[in-house]
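**Q** The chain contents come next:
There are 4 protein chains.
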Amino acid sequence: MKQHNLKAVLGICAGLAAGAVIAIGAALPGATAQSDAESGSAIETQDISLDQAMAALAAAREKSEELGVAMNIAVVDAGANLKAFARMDGAWRGSIDISIKKARTSRLFDMPTGAIGELSQPGGPLYQIEVSNEGLITFPGGVPIEGADGVVIGAIGVSGSTVEDDHEVAVAGAEAVTGG
Amino acid sequence: MKQHNLKAVLGICAGLAAGAVIAIGAALPGATAQSDAESGSAIETQDISLDQAMAALAAAREKSEELGVAMNIAVVDAGANLKAFARMDGAWRGSIDISIKKARTSRLFDMPTGAIGELSQPGGPLYQIEVSNEGLITFPGGVPIEGADGVVIGAIGVSGSTVEDDHEVAVAGAEAVTGG
Amino acid sequence: MKQHNLKAVLGICAGLAAGAVIAIGAALPGATAQSDAESGSAIETQDISLDQAMAALAAAREKSEELGVAMNIAVVDAGANLKAFARMDGAWRGSIDISIKKARTSRLFDMPTGAIGELSQPGGPLYQIEVSNEGLITFPGGVPIEGADGVVIGAIGVSGSTVEDDHEVAVAGAEAVTGG
Amino acid sequence: MKQHNLKAVLGICAGLAAGAVIAIGAALPGATAQSDAESGSAIETQDISLDQAMAALAAAREKSEELGVAMNIAVVDAGANLKAFARMDGAWRGSIDISIKKARTSRLFDMPTGAIGELSQPGGPLYQIEVSNEGLITFPGGVPIEGADGVVIGAIGVSGSTVEDDHEVAVAGAEAVTGG
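Chains as they are written, first to last, in the numbering used here: chain H, 1 to 180; chain L, 1 to 180; chain G, 1 to 180; chain B, 1 to 180.
Simulated from the structure, these hints should not be mistaken for lab results.
Keep in mind that the hints are not guaranteed to be accurate.
Interface residues of chain G toward chain L, partial, derived using beta-carbon atoms under 8 Å [what the hints assert, rightly or not]:
{"id": "1", "residue": "40"}
{"id": "2", "residue": "41"}
{"id": "3", "residue": "44"}
{"id": "4", "residue": "50"}
{"id": "5", "residue": "67"}
{"id": "6", "residue": "81"}
{"id": "7", "residue": "82"}
{"id": "8", "residue": "83"}
{"id": "9", "residue": "85"}
{"id": "10", "residue": "87"}
{"id": "11", "residue": "88"}
{"id": "12", "residue": "148"}
{"id": "13", "residue": "151"}
Computed from a predicted model, the values in this text were never measured in an experiment.
All C-beta atoms in this analysis are idealised placements derived from N, C-alpha and C, irrespective of residue type, glycine included.
Between the sequences and the hints, there should be enough to build the whole structure, so can you do that?
**A** Okay, structure coming up:
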């Protein structure tokens with residue numbers, strides 16, 4: 001049901017973004033947790049492991065080398081806290097913070113960062129959302145990482161090239177873990 | 001009367017904002033307080049109680065469940081300071097800060113957050129107001145809460161779904177208290 | 001094992017105030033997670049539910065009323081993000097931030113806040129740790145909340161009276177959930 | 001030669017700090033660079049590579065596992081900017097920021113963090129230095145990393161256990177690179 005709502009939101013995005021294909025299997029732990037909560041027990045959930053995070057970094061780095069770009073790559077855990085990070089030699093220093101903010105932003109809203117950016121334009125429903133959470137980055141380059149059953153266990157953020165490259169590298173990193 | 005004051009304000013805004021249509025049912029408590037102040041005595045005022053704030057949370061949570069969405073719900077007092085907060089299971093982590101900022105923004109200006117957002121667009125009279133006050137959120141989801149005689153005693157901010165849902169849930173929370 | 005470690009820490013805390021020496025080799029949930037990580041799978045864990053958080057708030061509020069004090073009470077989740085909050089009527093506004101920081105601090109290090117404060121004194125091993133994490137509060141009033149099997153699923157922070165009262169109320173709130 | 005400079009600094013400190021024993025194997029790159037600068041040419045310098053940073057992370061992680069502790073490990077470059085980071089499963093979330101601040105602090109002053117902490121005590125010559133640079137951490141766990149000829153090319157910061165363990169792990173990480 002929540003997923004349904006998200007699709008409505010993204011439907012708007014799709015209209016604005018002219019062809020951007022956004023796959024959010026979304027994975028919001030709320031639904032099943034709800035029933036647990038009623039019984040007074042804690043929510044059973046998952047979190048990314050360091051080995052998974054390092055695998056994501058390695059895959060993203062490999063993709064970056066393939067593209068011939070120097071990236072900052074950040075991975076956050078289920079709580080949106082930094083789990084692993086690597087800056088490739090020669091990558092922009094200004095992208096350290098951006099890659100971390102992209103990863104955080106993606107987990108904070110369980111969607112690719114670019115999807116938020118489409119909604120935060122002047123006249124859009126989330127205009128200026130970037131001032132929240134001590135700074136969000138809402139252009140492409142951050143994507144959620146999912147666990148075996150579609151639960152979001154973290155996110156990866158990449159910054160250092162064009163937003164298209166950033167997004168492609170982030171997806172490569174996430175895919176090394178998603179479903180694992 | 002408060003509504004009258006707001007309309008005066010918005011009349012000016014409308015002129016500046018070139019056609020922006022803003023419907024606000026909100027209010028500025030200044031007028032009556034002023035005369036008390038002139039007599040040298042302190043301002044008689046009202047503030048939201050915790051019981052009222054918890055009633056607003058409960059009503060907002062109930063409306064959220066009715067809509068099938070997972071929300072962050074924040075209530076601030078007359079001083080725009082946090083009074084009560086609840087994050088439903090599965091709700092976006094990024095909406096914690098946004099819901100609090102919506103509540104704060106609404107009380108800081110005694111109007112629904114969306115009304116400010118219409119004035120803060122590029123070319124608008126309040127362009128970039130979001131960078132003030134350590135970050136305002138100016139899209140819908142924050143509404144004032146009024147006491148028995150129309151005095152603003154606090155505000156509620158909701159974030160976690162579309163801005164339409166956010167606003168609807170915020171109104172449901174406020175109505176559980178307004179006039180009470 | 002985790003529970004055991006935590007209890008060891010808390011045993012020392014119990015001796016509080018008396019310049020106790022605290023050995024933190026402590027309370028690291030990593031050991032069991034490690035083997036999961038080697039297999040490349042995500043870490044199975046738990047998070048506090050809103051119903052649990054509200055139960056903690058209610059128990060803390062009841063204890064506060066029993067003591068005749070007005071408290072700010074904050075609950076954070078497993079990721080140290082705000083889950084629920086209530087400020088009792090008449091409670092210090094300055095304690096809003098302190099209660100939230102206490103809850104955060106307690107989860108950030110999985111121990112009662114006062115235990116850190118003993119180590120951060122001049123000449124102590126963690127002197128000035130308070131400047132980290134955008135501000136820690138290291139005096140008593142924050143305690144971890146554990147799930148059914150001793151996993152830390154969140155924390156509660158209380159501020160508004162003496163640190164002894166704050167700690168007592170926090171413990172009352174945590175006990176309403178711990179083990180549940 | 002750099003060691004010589006530091007000893008001069010510390011000689012002064014020692015007088016002021018009344019018996020503080022400071023062991024620093026660190027270095028200031030200024031001396032040799034100075035003559036180059038006089039000729040109008042740029043400063044020849046060195047910076048840590050990502051491969052070196054990852055080697056430091058791996059060595060620190062191995063040492064942590066040997067000690068049975070879960071650490072946050074951060075490496076900064078010659079510009080004191082984050083180069084690589086890893087949080088072991090189960091490591092304290094509060095140590096993310098501390099490990100990064102330790103690495104930064106160590107490179108900002110080209111000495112082990114603990115050496116600064118001895119000077120920043122009440123009555124000491126650097127009292128309250130921790131509030132500078134958006135927060136320094138001045139207890140042990142951060143050490144400089146040197147290149148082939150003793151030039152500081154970065155630093156490593158470790159947090160997650162006792163300060164003794166933190167320091168030991170940081171040294172293990174630095175030694176995997178220093179001189180390399």
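**Q** When the hints from earlier in the document are held up against this structure, which numbers fail?
**A** 1, 2, 3, 5, 12, 13
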